[in-house]
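Novice: The hints should help you fit chain B onto chain A, whose structure is shown.
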Amino acid sequence: MSPHARRYAAWSGLFVGGAAWFAHHQVTSDRVYWACTTGGPLLTGGLGALCFIIAAGSGLVSWRARSGRPDRTEGPESSTFAGVVSAGAAALFCFAILLQGLTGFIVPACVR
Amino acid sequence: MSARIVGDLSDLPRAGFRSHGLWGWAGAGFMLIEGMGFALAIAAYLYVMAGNDQWPLSERPPDLEWGTANTLLMLGSLIPNYFVSRAARRRDAGRTQRWTLVMAAIGVATLLVRALEFPHLNGRWDHDAYGSVMWTLIVMHTTHLITDFFDTFFLAVFLHTHPIDTERFSDTDDNAGYWAFIVAWWIPLYALVYWAPRWMS
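So the sequence lines, in the order shown, correspond to chains A and B. If you're matching positions, the first sequence starts at 1 in the working numbering and goes up one per residue. If you're matching positions, the second sequence starts at 1001 in the working numbering and goes up one per residue.
With the rest of the complex left out, here is chain B:
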């Protein structure tokens, strides 16, 4: 039995942005899975909170300062994040390299501020159910900050040491989309970790 050629796809581009590229769909699936993880953790928090008359159970609510500072930092980072996405989609190598470095530096800053948040949570993770579920939320998000920092830093080095083709510009754009995903999930987590104990107490 001989093979029958039904079409010639060799003229198609090897890479494309977002829905025109395989990695864009892979990233969307990745975010769907991780978003479900965040949703389940939030459901656990709400379940424990709804089952208790007092919230927090015995601790003080977390101090607002560093958590709020990090929230503002993350929201502000969406501006350079937009710039790196735009530069990548315009295939502007110089601006893509520079803004990716800026985003890597912002990743370091968010991790440093996050490190300052932990001592101000005013509750140990193994003290009671409130402490456990609160720490679960913030540790889950911190894991995403760490992985995104690694990926962005690696991408910044790669963009300065390798030729940049459409696939690499697309990767940079996908990475910007992933950072927006991390910031977007922080908003409900910030409300639960920092404000729910104040609203419920």
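Pulled out of the complex, with its shape left as it was, chain A reads as follows:
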């Protein structure tokens, strides 16, 4: 991986992981609002599994890109800080997606 690509890859967990969490939150909440009968395990769990894999994968990419320049631990050419922060953020997004995905298994569709 080139240093240029590694620089962007280090941030993937923060931005791609965040986008995966946002997409899961927005799609499931809007879909259930539109027609509550769809709010079952298939929607929240199935889409949750997909978004979880995307967020976890982006975190893994960040983690692997963090040691791009082991001779540089700070400054614009270093990916260490970005990689660690992004991997941690991706873990947090995975946890949030997990909780959102469980709702369809716990709360019956259309419950008031």
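Worth flagging that the hints you see were computed from the coordinates, not collected in a lab. The model shown is predicted, which means the values in this text are computed figures rather than measured ones. Worth double-checking, as some hints may not be accurate.
What the hints assert, rightly or not - With the C-beta cut set under 10 Å, the calculated list includes, among others, these residues of chain A facing chain B: (1) His-25; (2) Gln-26; (3) Ser-29; (4) Asp-30; (5) Tyr-33; (6) Trp-34; (7) Gly-40; (8) Trp-63; (9) Ala-82.
Unchecked claim - Negatives, chain B to chain A, calculated, CB over 12 Å: (10) Trp-1066; (11) Leu-1078; (12) His-1141; (13) Ile-1146; (14) Ala-1196.
What the hints assert, rightly or not - Computed spacing ranges between beta-carbons, pair by pair: (15) A/Leu-60 <-> B/Leu-1012: 49 to 55 Å; (16) A/Ala-19 <-> B/Ala-1129: 40 to 46 Å; (17) A/Leu-92 <-> B/Leu-1009: 37 to 43 Å.
Note that the Cβ used here is the ideal one computed from N, Cα and C, for glycine as well.
Specialist: Quick look at chain B alone, frame taken from chain A:
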């Protein structure tokens, strides 16, 4: 052991406005959590600013034009926002539909002006601590503009395609309250992003 009925709540309305509805309390909790996030980000900005003799560290302060224009746009949007809230509380379906469309259009306008603000911040987010903390504030707020636009646009479509009962009127009123929350937090953020660098330099 047999169940003992202690009260009959079936006569209670299924939905109510603000403190009389479950979603009003949920929205209040949501705003409390997000408000804490804004407060922490502001504390971070003030902490970094107080720890440096020069502020901004090496950049020019952001240009005022687009940020000020967006501030005025957001403050002006509180008028139609009040109208949509009032129409919803009066259960006036026609006006609620129309003003919700207006608010969705205003959401687009604020995002477009926000897009024009970024090139005029006069500092990269990864240049130094000033750039990072300034971008943190404005990106946090932009995230709220984006989510509110999605929600308002979705609500506008929903109100034009589904029957509107008290619960949907209440949702519309809650959405108006959330927009007021976003505008209210922008005022201290605008002061920090656009004016603090001028006052401190």
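Novice: Give a verdict on every hint.
Specialist: Structure-based check of all given hints:
no., hint, in the structure
1, His-25, "holds (9 Å)"
2, Gln-26, "holds (6 Å)"
3, Ser-29, "holds (9 Å)"
4, Asp-30, "holds (5 Å)"
5, Tyr-33, "holds (7 Å)"
6, Trp-34, "holds (7 Å)"
7, Gly-40, "violated (20 Å)"
8, Trp-63, "violated (20 Å)"
9, Ala-82, "holds (9 Å)"
10, Trp-1066, "holds (24 Å)"
11, Leu-1078, "holds (25 Å)"
12, His-1141, "holds (15 Å)"
13, Ile-1146, "violated (9 Å)"
14, Ala-1196, "holds (25 Å)"
15, A/Leu-60 <-> B/Leu-1012: 49 to 55 Å, "holds (50 Å)"
16, A/Ala-19 <-> B/Ala-1129: 40 to 46 Å, "violated (26 Å)"
17, A/Leu-92 <-> B/Leu-1009: 37 to 43 Å, "holds (39 Å)"
This entry does not satisfy hints 7, 8, 13 and 16, going by the numbered hints stated previously.
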